[in-house]
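Below, each chain spelled out in residue letters.
Number of protein chains: 2
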Amino acid sequence: MRLLRTICLLVLPVSALAQHPLTFFTRAEATSIKNDLARYPLLTSSFKAMKQETDAMIVKEISVPFPKDPAGGFTHDRHKSNYMLMFNSGVLYNLTGDVKYANWVRKMLLKYAALNPALPKHPQATSSSPGRLFWQALNDANWLVYTGMAYDLIYNTIPATDKKTIEEGAFKPEVDFLTKDLKTWFNLIHNHGVWACAGVGIVGIATNNKDYVDMALYGTDKNGKGGFLSQMENLFSPDGYYTEGPYYVRYAILPYYLFANALNHARPGLKIFQHRDRVLQKALVAGLQQTNIDGRFFPLNDALKEKDYTSNELVTAIGIAWDVYGQDRGWLAVAKRQNRVILNKGGASIAAAMVREKSANLTFPYKTVEYGDGANGREGGVSLLRNGANEDLTSLIYKYTSHGLSHGHFDKLNINLFDKGNEVLTDYGSVRFVGIEQKYGGRYLSENDAYAAQTIAHNTLVVDETSHFGGNEKRGERYHSDKVYSSIANPALQVVIAKEENAYDNVKMLRSVYMLQLASGRKFIVDIFNVNSPETHQYDLPFHYEGQLIHTSFRYEPYTNQQRPLGNKNGYQFLWKEAEARVFDTTVQFTFLNNRSYYSISSWVPDSATLIFARTGANDPQFNLRHEPAFILRKRAASNLFINVIEIHGKYDPVMEFSMNAYPSVQRIEVSQNDKEYTIATIMIDGKRLMITQSNSVFEKDRVHSAGGVQWNGPFNVTFDGKNLN
Amino acid sequence: MRLLRTICLLVLPVSALAQHPLTFFTRAEATSIKNDLARYPLLTSSFKAMKQETDAMIVKEISVPFPKDPAGGFTHDRHKSNYMLMFNSGVLYNLTGDVKYANWVRKMLLKYAALNPALPKHPQATSSSPGRLFWQALNDANWLVYTGMAYDLIYNTIPATDKKTIEEGAFKPEVDFLTKDLKTWFNLIHNHGVWACAGVGIVGIATNNKDYVDMALYGTDKNGKGGFLSQMENLFSPDGYYTEGPYYVRYAILPYYLFANALNHARPGLKIFQHRDRVLQKALVAGLQQTNIDGRFFPLNDALKEKDYTSNELVTAIGIAWDVYGQDRGWLAVAKRQNRVILNKGGASIAAAMVREKSANLTFPYKTVEYGDGANGREGGVSLLRNGANEDLTSLIYKYTSHGLSHGHFDKLNINLFDKGNEVLTDYGSVRFVGIEQKYGGRYLSENDAYAAQTIAHNTLVVDETSHFGGNEKRGERYHSDKVYSSIANPALQVVIAKEENAYDNVKMLRSVYMLQLASGRKFIVDIFNVNSPETHQYDLPFHYEGQLIHTSFRYEPYTNQQRPLGNKNGYQFLWKEAEARVFDTTVQFTFLNNRSYYSISSWVPDSATLIFARTGANDPQFNLRHEPAFILRKRAASNLFINVIEIHGKYDPVMEFSMNAYPSVQRIEVSQNDKEYTIATIMIDGKRLMITQSNSVFEKDRVHSAGGVQWNGPFNVTFDGKNLN
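Top line first, the protein sequences correspond to chains A and B. All residue numbers for the first sequence refer to my numbering, where the first residue is 1 and numbers rise by one. All residue numbers for the second sequence refer to my numbering, where the first residue is 727 and numbers rise by one.
These are computed hints drawn from the structure, not numbers from a lab. Wrong hints could be hidden among the right ones.
[To be verified] Straight-line alpha carbon distances no greater than 30 Å define the calculated DSSO-like cross-link-like pairs of lysine-lysine that follow:
id	chain 1	residue 1	chain 2	residue 2
1	A	LYS80	A	LYS48
2	B	LYS786	A	LYS523
3	B	LYS1146	A	LYS305
4	A	LYS358	B	LYS794
5	B	LYS794	A	LYS688
6	A	LYS420	B	LYS794
7	B	LYS890	B	LYS936
If you're wondering where the values come from, they're calculated on a predicted model, not measured in any experiment.
Pulled out of the complex, with its shape left as it was, chain A reads as follows (with noise of 0.2 Å):
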């Protein structure tokens, strides 16, 4: 029997083998490969893992059934599963030789070719880009970028009446839907649009067919306003970030390696890899920078909190990046932590290297860095602070982009505070269940739009109870914050200053923020936040956190036997009101408890304002919220300044019954001057003087400023116990 295989592949004729694989590796790298498998221990572990499964599923009988259900059901499940069991027979029949993984797949294939050419729109379509094989066209893209792969992979073994039945049953009515009947669609800038290109360009290479794959790099009329080098043109600013932002990029970053790693070998004149200044490279650097030290995306616009990068998208770039791109240590501590490989030659590579390093102690270099935003980085972009190592890392998230398409959220000047690896000043993320198909099919939920994007859901300012830009994705589109500047290069003292004037009409919004580590050791946050309009507002700024009250230095008065929505619009109506306090001219503090450490927020009330303890729950009969709390300041004003200064603290041990440094050195922030020209603030800490001098309209680097006394170069200027901090 086995002779018998052996003799099948021989018979075929040499130009066909030569032709085939291309799209996931070449035959020159699978026979590396294969030589290796037993050599690298982390190797040998993910080959083994991928032959187990297969090899678990091959045995049963085909199942391709009409598709019917949506995301979690049994035929959307039963569908993704087959292209994956399909890509990863492919390769093992490349590494093994071993004709059955061919063979499945072959048969697989000829029960798509039979089911696609009469598929109907989806029953369980809903978007606007409904699939046919799945609820959308963006799963049925998966699909084809999979299949593509398998289909490539095992090309030499299938005989030629088949290759015509698949080639025209199972994947023209697929790759004629996405790029005919969704033509807009597929020429759209999105992540779907990545996703079509790469699948429609995998099976173009796959089949070897020229006019797919040019629809994929050109978009359908060939003209370069769509497709793939469009997608790497305008998705990313010119440093790498993605503009839906990490969790998307995420998504992203796996059907642009794959698309490429496949175009490098079939069209290797195009360098794709070094298109635009290797933006694949950077595009995946900046990725792997916007993420928690346990390996989560921070969780700006539509984000699922859980996600990591150990899922496979990451695992497939940095396998592909590892060999195209040259070794990069950091990447080694996440494929550490993913504990697997593509097998593929960077594959090999890192689990060669694992070897190497393997009683090193591999940690991603997490950095202070600033992206741009938009083609062409102007667009505003993102500042991510950093203090600390390893598991001490403090890291502070001010976002100032664009609005990120359809994910985006309306969240301009937001904040988010990690430390020590826990999320301290937090974003909802999305309200999806992903793959759960009891809530909605694992779609976005209304929740979603309603509270998740709204502006009230975001650690920055809402004005009379609206979101930015009215909550107008389109209008929001239209914008774009702008940093004015900033001083990142000291880790002791990080100060980014950025404004925001089109969120809401006659009202501007300056809002600086101010990282520093004291000698003592204290890490704070400063946060400046100027706003002008000349009429009067209501303005709030929530802090949405994690963790448990410990302590306030104010009475209020709590809704303890009857709670009310905090609104009744603009996500306000999804946050149960638990507490109110009304404050006149004072320093307010209050102190959670997140984890093992203590963190306290003071702010600066000058004149009255009102405080209120909210928490998400209300309005939501489906259960589909989480409870978290969130600490608002409101004023009333036309143009208001208000100083936060968070405070990391102490430490806390339930195991062995510590607590130190329980109190915030905080005492009191006193304002001498705030007007159009400058900002003065005093924060009393331990019973000496933070002061912070800060410019509020000249931001050129060597300007000189004189003010309340005091002369200082640049737009701003910090001491402490009357020593300059800059």
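Given chain A, work out where chain B should sit, using these hints.
Frame of chain A, contents of chain B only:
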């Protein structure tokens, strides 16, 4: 200088050198450990950590402040760290021979000798047993335990006049206070009493004071009614269950082991470790069995949920037990997580074993086990039903104990479920932030008694919105539940039946818990709760769960725009009512997701019932409560049968985005007979019948029953798809 120190030691009389130290270790033991210090990595690192910490502290000025603050405050924490530092310094003196450690302890002891005689009652004292150095006498007893050992460890270096000063100034006032002023408290059978006896006894051994040791052993009147031996007789059942529950055995095991260890050296004739058929060994084993796979103690009674077996108490107990009871490989798994050892013979031996077992996969041998409660083991008890290995372990805790002294909760016939390391059906634990000064000095908060101890906070029956025994501790102490039958030999079918007939007047409860695993691998808990009364009552059966609500089979009215507490007393006032449903003649189901598994509760509803979704957090003006969900079944009836099937199913992976078996396989519950004699229930599972026939009055093992067309032996019979599972 070093020479001078050595001479100092040598000129002390030989007899004194021979007698001390005795409490923590002997001189010979110290010498042997000294030789091992560099030999075993875990011993080396434990020694280095202690030395580093101590070296950093003893160069600072000695601070013995006048007591002022509650727990978490400066003076509290200072005295607490002082006694640990003195003990550690004493150990280091013996292991390094460096007299600086001894001198430092002596100096501090002299400061205590000056402070203690004139101390008034602590200004923050609020308990019935106030302390002097601390707010409560319990902490003063802790001080005596460690300070007594410290004194003993450096005894040989202290000039005679200083000895007199320290014994009369530092120790005598404290011992007198505990044994005279707080005589009743000292003689109490309670964890406080164990600490008090250990403190006075260890000081007695350290100061060669027979009177102290005798009071510690036999009570202040030396008649054996109080004292350590009585504590050993009365607080444990014969199989080692500690009546206050796992959280407090974790605490009490320390003075038990430390004093027993000292007695083992000082009064070997007592054979204290063999006492009562090695009850201290059994106590340690039982304490460890009452943990989750992450090492956390089951949160029965007043319990901090974070507390796990890496705490100092367990490190100490295992370090002593390892030597006196022989090497237990299960303890090694625990020691590995603890990642440190105490610096005695046992600790050194564990460190040596760790080298031998370096590459072994050490796991604690969790098993199904039942413990009786009470000195005779016949005051009810607890069953821990287990199924599965390692990370896949399922643990059901069925509690039918006595009240458990002052930290007991009103939770007769309560069940809790842990699965795959997660708490699934939860116990609130205690409302307390131990060690955090801002939260009432780290003491138990008012919500502890008002909510956490009440019946509604547990997964057991509440009659007419009042707690068991009217929430009266004294009444609760008079009674205990009783197990009437159990069968735990077959992991696929474990059954425990227990009854409670005193918690409410004229109400009899019989709860039968079946934990079973079918051939498909799915695990189910069938919970048959029979309640009988001549009068009509409101019966509430809550299931407090951890997780995200995924689906309900029934329609409910959600309180989306206004929330009110569920009731106004006995704990009900702390629950917000989130939703309510009225259901008729049906099987209702609700599914939630906890971490990466699905759980469904299917409930039989004959006639009608009210279903309530509630959440803790109402009437909590200080924000002391966590916000956790509960599902409550409410029936109005004289007698009622609740049948609930808790099913563990499926798998969810948000990183890989798959969801498997998200639906329960239970379809319907039917009851064909329910009366004083028998309950016969049928549960339809994927189209097959699971049939449980149970006697409600005759529990002898070999009795033959016949009902509903079935004939069987013993109290119950279970068939699935026509085949017997017994």
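Results of checking the hints against the structure:
A distance of roughly 21 Å separates the Cα atoms of A:LYS80 and A:LYS48; the hinted pair therefore holds under the 30 Å criterion. With a CA separation close to 26 Å, the supplied pair B:LYS786 and A:LYS523 stays within the 30 Å bound. With a C-alpha separation of about 21 Å, the suggested pairing of B:LYS1146 with A:LYS305 holds against the 30 Å cut-off. Proposed proximity of A:LYS358 and B:LYS794 is contradicted: the alpha carbons are some 53 Å apart, above 30 Å.
This hinted pair checks out: B:LYS794 and A:LYS688 have alpha carbons roughly 27 Å apart, not beyond 30 Å. With a CA separation close to 33 Å, the supplied pair A:LYS420 and B:LYS794 exceeds the 30 Å bound. Between the alpha carbons of B:LYS890 and B:LYS936 the distance comes to roughly 16 Å, so the proposed pair stays at or under 30 Å and holds.
The structure shown violates the earlier hints numbered 4, 6.
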